Structure formats: structure tokens, C-alpha cells
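From the two separate chains plus the hints, produce the assembled complex.
For the record, the sequence lines run as chains A and B.
Under our numbering, the residue at position 323 of the first sequence is numbered 323, and the numbers go up by one with no gaps.
Under our numbering, the residue at position 158 of the second sequence is numbered 158, and the numbers go up by one with no gaps.
For the record, the hints were derived by calculation from the structure and aren't laboratory data.
Just to be clear, a hint being listed does not mean it is correct.
Said to hold, decoys possible - Rough simulated footprint, nothing fancy, chain A against chain B, three-plus residues with beta-carbon under 8 Å:
| # | region |
| --- | --- |
| 1 | 74-87 |
| 2 | 93-99 |
| 3 | 279-290 |
Since this is a predicted model, take the numbers as computed values, not measurements.
Where a beta carbon is used, it is the ideal one built from N, C-alpha and C, also for glycine.
Now for the letters of each chain:
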Amino acid sequence: MRRTRRLAAVALGAVAAMALGACGGPSTGGSGGGTGGGGDTAKAEANAGIGGIANPSDAKGGTLRMANSSDWDSLDPADTYYAYAWNFARLYGRSLVGFKAAPGKEGAELVPDLAESLGTPNADATQWTYRLKPGIKFEDGSVITSRDVKYAIARSLDKDTFPNGPTYFNDYLDLQGYEGPYKNPNLDAFTAVETPDDRTLVFKLRTAFAGFDYLAGLINTIPVPQAADTGARYKEKVVSSGPYKFETNELGKRFTMVRNPNWDASTDPIRKALPDRIEVAVNANADDVDNRLFSGDLDVAIEGTGVQPAAQGRVLADQALKANSDNGLAGFTWFTVLDDSVAPLDNVHCRRAVLLAADRTGYQRAYGGATGGDLATNLMGTNIPGAQQFDLYPSSGGTGDVAKAKDELNQCGQPNGFTTSISFRAERPKEKAAAEALQQSLARAGIQLEIKPFPAGDYAKLYAGKPDYSVANKLGLKVYGWQADWPDGFGFLAQVVDRRVIKAGGGNTNLGIRIPELDARIDQALGETDKAKRDAIWTGIDRTVMENASVLPGVWAKGLLYRPPNLTNVFVTGAWGMYEYTALGTTRR
Amino acid sequence: MPPPGYCPAVTAPLDVPETTAQAVAPVLVPGEAVAGRSPWRIAWTRLRRDKVALAGGVVVVLLVLVALAAPLIVGLLGHPPQEFHYEKIDPDLQVPTGSFGGVSGDFLFGAEPVNGRDLFSRVVYGSRISLLIAFLATLLSALLGTFFGVVAGYFGGWVDTAISRTMDVFLAFPLLLFAIALAGVVPDRAFGLSGDALRITLIVFIVGFVNWPYVGRIVRGQALSLREREFVDAARSMGASNRRILLTEMLPNLVAPILVYTTLLIPTNILFEAALSFLGVGVRPPTPTWGGMLSDATRWYQIAPHFMLFPGLAIFITVLAFNLFGDGLRDALDPRSR
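If we strip away everything but chain B, and leave its shape as in the complex, we get (with noise of 0.2 Å):
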């Protein structure tokens, strides 16, 4: 029996094994072929119909694309990223020549004031940067996050209540000052790594350390759940080790919500990085981060607004396409959510 205040947050279909989902018997409809939906069918079958979660996830796709063929891009479109083009500011007053920041067919995005680097180019090369550290440090949330939520929830007890109170403390943390902090105190070279590598991989660390809470009460929540139904009972009772009944038996019913809420993550991440290279902390010039465009382009929004404009499209274009698409995606997992 569910304990009192049970209250299931994934939907049926969902709880159900996939081999018994099968065996329900579907409605004959006469001249059809009987086919069996699994849960992931009926999700996506929802997802399709949601265009807008769609419109998101095709964005999401592009930006990937994007990122990995950088490279590829800038060479059929745009100068090398770190190529200065003095040619293109006007020498008195350091902006580029030309209307709306130089926007043309040779420089897409404008030029950055006093240097006339290609903003496009620079703006294509901080994708890189911000999908990179995004989904590295979500990974690292999810994994981090599914490995202490679903232990703490399955054997409760004073292993729940030592997991959960330090997820406590993780979330009370100043994240911000936190990774302000580390990042000032870290040296240049460590854990065998120097340059970018060893910026992203701290920022990484910091954010996926810190957030991973987030995900770890959630699958807690649902592993709570989950280990008083009735496969997990009779998994235990036919003898099935613990390991066995974590990895086989709760862990393929928490990817769904596991998925929804990295989805959900990546943006925050997002807009993370993007915080700690607004304030000077995060990858070092001048490796292109939208972030740090930013910064640089306050001193120079009343003259040059388009400094401004392109990597806060970026920025905003990404967050809400993973937003709209996460959405869509929990909408469809768990419609009762809605």
C-alpha cells in the first residue's frame, strides 16, 4: 500500500513496465492493424503535436549544429574570430564605420568597436563556449543528482536524511560568490590543465557541483514513490539485490523526469556562464563568450548598440528554445503537469 499523501507524479503509462504495457489490451478498431504504443510513442506522439515545443527543439538542434561546425561557418561567412580589422573603425571615435555597427555582407553581425573584430564570427565561436559548458555541467548535475536522489529515496532512513540535509546546504549556497571566489583563487595551471580547458573545466565543476540538488530531490521524490509499488516489492521478494532493483527496476521509471529537468537545467546553466563571463570570471579573454560580449558592450550600447544586440539575441534566442523544448517535453512525459 502507498503510504498516506501518495501522490504519483509521473503518469501512468509511465509506471507501468513496458512489457505489461503491451498487454493492455488496446481498443480494436476494425480495419486497422493493432499496434502497441510504448510510453515513449505516446510521448512523442504528444510532442509532435506541440509546435511550439517543436519550433524549440529544431532551434536547439541548429544551435548544436551550429557549435560543432564553427569553424566551418566562419570560414564560409565570416574573418577568423580573433582577426582585428582597424580598417573598419572610424579612428576618433572607435566605433565601426558604416550603419548599425558595420552590419554587412562581408561582417554580418557589425565589427566590435575599437578592434573590428568580426562580431558574427565571435558570436558563432561563443556558442561553442556556452552549449560546451552548459551541457557538460548539466551532465554532471544529472548524474551527480540521479546517483544521490534515487539512493536517498530508495533506502531512506539516516542515509535520506544525511543526503537530503546536505542537498539543503548545496541549495542555500551563494552560487555566485561561491564560483566568484573559486575562479579569483584557482591558479593558472592545475589538475594538469591551463588555458581554457582549465576555466571551462572549473566552471563546469562549479556549476554542476552546486546545482545538482535541483535534480537530486526530484528523482528522491519519485524514488520515494517508486519503491513502494508493487514491481519493486516483488523484485525484493524474488530475491533481486538492491543494485539490481536500483539499476532495472527504478532507474528506467525516473528518465523521464530525469530528462525533463536536465532539459530545464541546461538554459540556467546557460545563462550562468553567461553571468560569470558578464563579470569577468568565467573563460579568458579573448576566447569569444557571449557573456563577456556583453560586458564589453555596456561601455559602448548608447554608440555602438549593436555590440549589444547580437550576443543578447544569442543568448535569449538559446534560453528560451530550451525552455520552450523542455516544456514541451515535460508537457508530453507528464501531461497531468500542465
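Pulled out of the complex, with its shape left as it was, chain A reads as follows (with noise of 0.2 Å):
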């Protein structure tokens, strides 16, 4: 029964794409729901891709050109640390399980995709067994083994050949002082990963981690074949075990992908693979890649990130194009944070009376208005699965509460206010715009802000990420941002109100927020099984530092991405926050 009707979907997308490609005149039969597949192609819509799908098409062929105005950190699986690398890397790499296509939300939940079902914990959840789907190959054609996947947790765990990729599998793994095949090529000194035969994989722990399934859903889990690896150097010839291949790659400058004919549809339940052939050109201006998509010269801004504040401006402005937008949330958070070792906001009663004061008006107008982001309320929003939004500092309109902020101030034993630093990137416009906003609406309550702007380079590893020279330099409040690895709540607060990952030495990515009741519950979600169980307390632990005033949050970030006409599938996935780069067609020919 279903399989019928999805086929009739399949064909009716057809239809309505060959239609399309005839006259581009409205269409008049077919329009069914949004859903199935035969949507109302022609007539566009904004937003038409936020929890639902824009132009949707099943219609394989054509070219698909994609952009980057900047570069990959590497196109190596096991050395990028970028969202829209993630995203990217699925359309030339299979992972043992994976984020579905899907939009919003549901784009956040993992499905099986080397491997045949999600992880299966031991009882205390420090050890996982995955199997993988029998016949699925490389490129070449040979048959993935565990070992593969193996091999490539393996040498993602050097750090010193890849610095970029996430630390994940480092952090967690019980590794007994394994470092890599490059450094001790006999993998079988790896027992933290176990390949009792070609198609199972056993993961050991040192504590439990009941959300591991994110971790197997990392790119560090595609399949790197032994025999090819060159280390450093393999991000010129990635061996595909997903639906395309490299064709082509001059690093830096330009490459193309075709089809992979090892990539077997049935086995894969992520990716739809419409196009032909992919072509993407590296370190493109960003102005001129907007120009681009809006001439129809290009297809995707692979960033993801959205338009340029000039483009924006004339999307916004012309309902042509603005039909062609979406404007929906990217995963970032945008916050400042109250660090409690610097007097007086040591005290509890002086940070609140810092988030009542804060007209959040002027920290969104920062970050570009309602376009740029939703007022947060606190830090998780409503990308993140099982996060709930609440708001304990409640003003008319987000413009802040100074009468309730004074009221704080004298319990805080300071009626006339108190001076402290701000910190930003010095890179960061958004945040120099954050800053000056939040100088002037905490003024209203008496207290002065002086501004300092850091080199973004280091400013996690020299200065307000580093504990004592924020206490030397008075730097109180430090304009911040964060985004998830993935998205749950372990994925967004662990590495940022956790205060055991405090390092003194600089490098923090928790700017400052210390308190001692949310080791155990921290402890606890990482342990619990239960997925609404993990929710519920990750969302009490955003409460509590939402109580303890230890972050002022600003904005729930968007992105306006636009979507040129001829792209089709087009959806923002919870996943990434972006548009969905496994799904995409193009009726171009």
C-alpha cells in the first residue's frame, strides 16, 4: 500500500516537472496538498521551504552549481567542522547513521544509513553495537566493512594530522591511550572500537553517553578504505561511499562531483540524488555569489548562512524575489554571557538586574531585525527538539524592565548601578553592533558599559575564554554565540554551562558560568535513555542558568536564504538549519 503510492507520487512529481519545463505557464491541474510531490510548482511562495517543501520534484538530471565564498576547512570527513560541511559531506559519504531529509524538525531526527538500525546500548549505555547493511561498496566497488568505518574513527582521532574535525569520539571513547594509526599503525591497539566481523561495530565508553547515536551520526563514521588513505593529503581524492564521486578537485578553486555507479538507492533511505552532476567553485565573493543566484547563474550558497546584507536588501524589497526566500532558523543562539567571577556580578541579583535592563530590540536590530533572528528567551529555541522556551525576564515588547532592574540593583547593594567590561569579536560587526546597543539600554539603569573588541582568533583562547584575564580586565559581559554540533541538549549547553570544562589556561567555550548544582543533572542527562526523560532535563538545566541569570540571551538566529526558481526539493532542515543538500534538484537541463 505504501509502496504504491509512493511510486504515484514519484511519477506525478514527474509530470508536474515536465510541465513545468514545457510552458512555465501556470499550472492548472495537479495541485494537490503541499505533500505528495505534485505540488503548485509555478507559483512560488516565501517560505514556502520552512516545514514544508518548496518546489517539490522526484525529477532526476541536470547540473547542479553550488558556491562557497569562502573554503572548506578540508573535504576530508575527519577534518571539517562547519554545518554546511556536514551537510555537504553526505552527498560523497555515508555515515552509520544520519540525519533525515526532512524539513524542520524532523530533519533532526537520526535514521539508519551505513548502519541497519539506530545503535543498541548495554545497560548502562557505555557501550554500543551497530551492524551495517550487507553489499553496501565504495566507489570501486568493494564491500564497506566494519573495518573501514573503523579505520576512519581511527585516524579522525589524530589531531595532530587533522586539527580541524570534532573531538567527540577523542572525548568519549575509551581509548587507552590510542592515538591514531598514524602514530601506531597496528589497529588493533584500537579496542575501543571493536570489528567482531565485517558488518558489526562495538563501541566502548569511558562513561555512559545515552545520545551516542548522535556521535555514530558524526562524518567522522563515513568509510575510509585503508589502502587510499594519504593522510593529510586525502582530501584531494575522497573515496565516495555516497551517491556522487569526485570528478574533478583543484583544492581551493573549484571541483565536480558525478554519479557514483556503486551507490545503491534501495539501501539508502536519506538521499534523493537528482542531479546528475555537481559543480562547485571555492572562495567566490560573497556579493557576487547573491548577484549569481538572483541572474539564475547559480543554484545554492553552500554556506548556508544566508544573503548578504545588500542582497537582503533587495529581496526584501521585491516580492518576486522575496517569493523565491526562506527565512528560517539557522541553529544559532546568539547570547551574551555573565561571568560570575567578575565582581559585582558575582552576585546574582546584579545579573539579573543586567538581562532585566537589556533592550533584546536593540541586540536583534544588531544581528539584523526580525529577518536576522527571533527574541531568545533563553538559550535553547525552538530548532532543538525537545527544548522548550521560556521567559523568565519578561518586559513589554523585549525593551527591557528598568524600574524591576533598579529594584534588583539594591539587593545587589548597588542603588547607583556598577561599571564592567563588554567584550566582542573585533571581526564581528553584529557583535560591535551588540555591544553598542546593550552600552546604551543598560545605562538606563546605571550601569557603564566600556567596550572591547578582541581579535576573534583568540578570543576563546586569550581573552574571555581564559578565566583570569576576564577577573583582571573586568570583562563581565562577553558577546557570544553558540550553535550545536547537533541538535539535543547535550549537543548545545553541554560545552557552554558546563563548569568542569573551565580550563584555566584559556580556550573555554563556557565563558564563565559556574554553577555547582548542574554537574549531577549534566551527569544524569548523559546518562538517561530516555529521550523525552534527557529533554525534560536538559531543559530544566537551561532553566536553572536561565534563574542563575548567567546568560543574556539575544537572538534565535535566521538566515534569509534564497532559492533561485529552477532548484527543486527545496527545504530548511532542522539538522543544519539550512536548505537540505541531499534533496536538491534543478530543472535545468
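Take a look at the structure:
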């Protein structure tokens, strides 16, 4: 039953696509619901790609043209840490599990990819087992075995060779001192991942980790054949396990990908693989990328952060352009940390005074107004499934409550306000605008801010993320932002609010939140295998952080994405906060 | 006797001490009172005929007046430079409403994107930082350059060698990199200063300290030739101390070149301060600086070009005015250098 309906939808989509290709006029027939695949493709609508699919189609063929206004840190799955890179890597690599290719929150759900099912934990969630689907092949036709996955994880442990990638496997696997195949070629010494047979993988962890499936979904588990591994040079010729393989690759300039004949769609629940060919240009000019999107010379701006300010003005002012745009949650929360070791912010009442006095609409304006994001009231936004939103410091319109702030200042013993500093990353004009806006609005309650820019590259290492520097220079407020590595409470909160991750030497992602009672609750969440209960614990942690007034929430960021009319099957996925790249197709032949 | 290859760069009238200048017999014109003309008077006469330089000078004077009277001007014609005006900003696009960035009688140069601050006020206040830093840094350069230049030129020998090589080292210094590195390292409170005062002091020190050889080399060259002149020989033979010769015989004759090169150094330093602010290592926000405004404006140049235009024009006009005035001054004091 299900099967026939799916097939019908495919056929209908193909017809719709052909009709569009033939005349392009208003579609008269087959305007069913937006879901099946035969939607009204001729009339674009703003935000159609949010929570639904814009221009749905299953028509294969054509060339997808993408451009990146910067460059990958690396195309090697062991060595990249950009959301767009993780999204894009799914075109040429398959991990054990992966995010569903679906609009909105559904896209943040994990489904098995190389594996037959999600992981099977032991009783205390310290050991996880995955079983590979049979017969999945690399681009050269050789069968992918559990050893290829194990090898990929082993090499990703080597941070001297791959400094950019995530370190979750280094942190959570029970490595017993193993440092990767380049330092220790004996893969059997890597006992944290066992391969009892060609299709089974067993992960042994240091501590309980109930959300381990998210780690199994990291690009680090994309298999790498040991024979083809060239270490740091592997990025020049990555061996594909996904629907596309590299045809040419000029690093720093452009690369092209063509279909991988050894990819079997029947084993893959995620990827649609509609285009025949993908062309990617890198280091393109960002404004030029926008102009080419508008003129139809380009299909996708890979970074997925939205158009530049100049183009944003054009899109919002032009109804025709606006109809082809999506203004969706990008995943980032922009916020300001209140360092509780910097007097007088060591007093909760002084911190609350800051939260109450702040005009959060000014914060929002700094990040581009309503198009740039929603007013945040706490840390985790609606893009994270299971998270709840609540406002403990309400004020009319979000402009702040100066009277209440002064009341808190009295309780703090600073009735006339106080002076502290606010730091931001000098290269980020939006953070500068946020700092200036906060300086203005906090002054209403007598809280004076001295604005201090620091270079972004050393922001965490030497300045805002270095505890003794913060205290010595009175960096009470630190403009910051965070995007979860994966959309759940652990992915978002663990690195930001756990006081135990604060290193005295600097380089911290927790910029000064020290709440002792969170320790036990974070550990509890790590070991809780029931997802609903786990989400509740994380939401509670978020609430405690807000009660402690350790964070001044600013904006749940949104990006204004533009989809050219020829782009099909476009939607913003909750996993990345940008268009899902495995689903895209094009009508341009 | 001057050494071979001797070539005085300063004009003859200036070389002659003032007392003797009056003794030069003027051509008598019947019916006209005989008036002695000092070298400065001659230079002033030349300068007055140079309309372009004069225009530059007038603009320079106006700019200084604007900087000094900034609070008064802004009080009359603008809004406080830090005051936000969200009502001037389109909430969707973040740029000012109204034509060309909201230029109007109320906001003479329009409003800044995002926060709606009065650009006119910020440009006017920006002149204070630019001129203050440029003047102080140039003063520092002139003082150091004159001192070391005259000492090197007068004493010669190993003193000259040491100072000249030091100047070479300074001239080879990557000034911008040095400034960026130093501005990043210096803490928030140092030398009993903090905030803007510390940043201004720091930039003045960096710029002034690194630029002094430009003045120093000129002064050294002049001093080298001056010390061979008869009046210096005369002073020496009469038993004048080195100190006296330096201060009363040499220095007065060096005033003209110092003045010229100092005037020409000011616009360079204005540009340098703007570059530092543009790179984010100058005076910190929200204190308005022209370079800082230009830096902010780069994001908006396509949809709010006024944001870039006005601070850019301010830098352009200031630098041009100082250069024209400085060139005119040089022509007036030293016509042979044309």
C-alpha cells in the first residue's frame, strides 16, 4: 500500500516537472496538497521551504551549481567542522546513522544510514553496537566493512594530522592511550572500537553516553579505505561511499562531482540524489554569489547562512525575489555570557539587573532585525527538538524593565549601578552593534559598560575564554553565540554551561558560567537513555541557567536563504538550519 | 669652504641671519618708503599669492575650529553622537528611512544603519580624534627628529653614524604591523591611563615614534651643510659652546624645513590613524573615528552608501587641505624646490 502511493507520487512529480519545463505558465491541473510531490510549482511562496517542501519534485538529471564564498576547512570527513560541510559531506559519504532528509524538526531525527538500525546500547549505555547493511560499496566497487568505519574513526583521532574536526570520539571513547593509525599502525590496539565480524561495530565508552547515536551520525564515521588513505592529503581524493564521487578537484578553486555508479539507492533512506552532476566553486565573492543566485547563474550558496546585507535589502523589497526566499532558523543562538567570577556580577541580583535592563530589541536589530532572528528568551531555541522556550525576565516588547532592574540593583547592594566591560569579536560587526546597543540600554539603569573588542581568533584562547584575563580586565559581559553540533540538549548546552569544562589556561567555550548544581544533572542526562526524560533534564538545565541569570539571551538566529526558481525539492532542515543538500534537484538541463 | 658636492636646500635669504638681511641694500624707489623685508615676510608674500595653498590653509583652520567647537556645533545642528535613533531605521532592512540615508535638516548627513546615530555628529566628533592624534604624533616626530637630526648633522663622526643607522632601522620598520601588534598587547590600564586616553596616547606614541626619522633625515642633511657655514665658524672661533651654536645659530635656520615637513607629515598621520581605526586597533567604540566609520560602512556600501561617503569625504578633504597647504608652504619658503 505504502509502496504504490510512493510510486504514484514520484510519477506525479515527474509530470509536474515536465509541465513546468514545457511552458512555465500557471499550472492548471494536479494542484493537490503540498506534500505528495505534485504541488503547485509555478507559484513560489516565501517560506515555502520552512516546515514544508518548496518546489517538490523527484525528477532526476541536470547539473547543480553551488558556490562557497569561503573555503572548506577540508573535504576530508575527519577534518571539517562547518555545519555546511557536514551537510554537504553526505553527498559523497555515508555515516553509520544520519539525519533524516526532511523539513523542520523532522530533519533533526536520526535514521540508520550505513547501519541497519540505530545503535543498541548495553544496560548502562557505555557500550554501543551497530550492524552494517550488507553489500554497500565504495566508489571502486569494493564492499564497505566494519573495519573501514573503524579505520575512519581511528584516523580522525589524530588531531596533529586533522586539527579541524570534532573531538567527541577522542573525548568519549575508551581509547586506552591509542592515538590513531599514523602514530600506531596496529589497528588492533584500537580496542575502543571492536569489529567482531565484517558487519558489526562495538563502541566502548569511558562514561555513559545515552545520546551516542549522535556521535555515530558524525561525519567521522564515514568509512575510509585504509589502502587509499594518504593522511592529510586524503582531501585531494576522497573515496566516495555516497551517491556522488569526485570527478575533478582543484583545491581552493573548484571541484566537480558525478554519480557514483556503485551507490545503491535502495539501501539509502536519506538521499534523493536528483542531479546527475554537481559543480562547486570555492572562494567566490559573497556579494557576487548573491547576484548570481538572482540572475540564475547559480543554484546554491553553500555556506547556508543567508544572503549578504546588500542582497537582503533587495530580497525584502522585491516581492518576486521574496517569494523565492526562506527565512528559517539557522541554529545559532546569539547571547551574552555574564561571567560570575567578575565582581559585582558574582552576585545573582546584579546579573538579573543586567538581564532586566537590557533592551533585547536592540540586540535583535544588531543581528538584522526580525529577518536576522527571533528574540531569544533562553538558550535553546525552537530548532532543537524537545527543548522548551520560556521567558523569566519579561518586559513589554522585550525593551527591558528598568524599574525592576533598579530593584535588583538595590538587592545587589549597587543602587547606583556599576561599571563593567563588555567584550566582542572585533571582526564581527554584528557583535559590535550588539555591544553598543547593550551599552545604551544598560546605561538606563546606571550600569555602565566599557566596550572592548578582541580578535576573533584568540577570543576564547587569550581573552574572553581565559578566566584570569577576564577577572583582571573586568570582562563581565561577553558577546558570544553557539550552535549545537547536533540538535539536542547535550549538543547545545554541554560545552557552554558545564563549569567542569572551564580550563584555567584559556580556550574555553564556557565563558564563565559556574553553577555547581548542574554537574550532577548533566551527568544524569548523559546516562538517561529515554529521550523524553533526557530532553526534560536539559530543558531544566536551561531554566536553571536563566534563573541564575548567567546568560543574556539575544537572538535565535535566522538566515534569509534564496532559492532560484529552477531549484527543486528545497527545504530547511532542522539538523543544519539550512537547505538539505541531499534532497536538492534542478529543472535546468 | 663647503665640502665638494655641497648643495644648500634652503634659500639664500633664509641662510642669512635676520640682522644681516636688513643690511642688504634695497633698491630705492623714489616716493616710496624704504622697508626692509624679513625672509618670513617674503615667504608670506609668496604664500599669499598662492591661492590654492591659501584655500588649503583656510580649510585647515576651519577643521581645527570644528574639532575644538565640536560640542557646540553638534549641540546646534545635530544629536549627541552616541544617541540611538531607532525611529530613523527601517526595522526590516536596518538602513535609515528616507532618501540617501535619511539626509534631512534634522540629520544633516543622515543616520547610521542599525542604530540610527547621527552621522553628522559622529563625523564632527571624529575630527577631534583624527586631528588630535595627527597633531600630537607629528609634534612628537618633529621633536625627536629635530633633536636627533641636528645632533647627528652637527657632531658628525660616530654620533652621526649611530643615529643615521638607527633612523634606517626605523624607516625599515613595518609600521602597520608593529602598531597592530602593540595595540593588541597593551592592557586596558597602563601608565596610569585607561579608556580613550590610553588608546590615544598609545597611537600617538606608535605613530610619532616610528615617523621621526622622516623629519630627522631632512634636519640632519640641513645641519650637515649649516655647520660648514661661515657664521657657524665665526661663532665657534669666538668660543661659543656647542649648545649655544646648536640653539641660537643652527636651529633658527632649520625652522623652515621643519615647518614644511611637519605640515606634510600631518596628513600622513591622519591617514595612518584612519587605517588603524579601520583595522579595529585604534580608539575603541563607541567613540567615533573616521576610520572606524569607514570600516563599519563597508558592510553597507551597497544599500547605505551615505555611511561611507561622509567619513570618507572628511578624510579626503582633511588630507587634501593639509597637503595643499604644506606644498604651498614649501614653495613659499623654498622656491627652488618647485
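Evaluation of the provided hints:
1. 74-87: holds (count 3)
2. 93-99: holds (count 3)
3. 279-290: Coverage by chain A holds here, the residue count being 4 at a Cβ distance below 8 Å.
Of the numbered hints stated above, none is contradicted by the structure.
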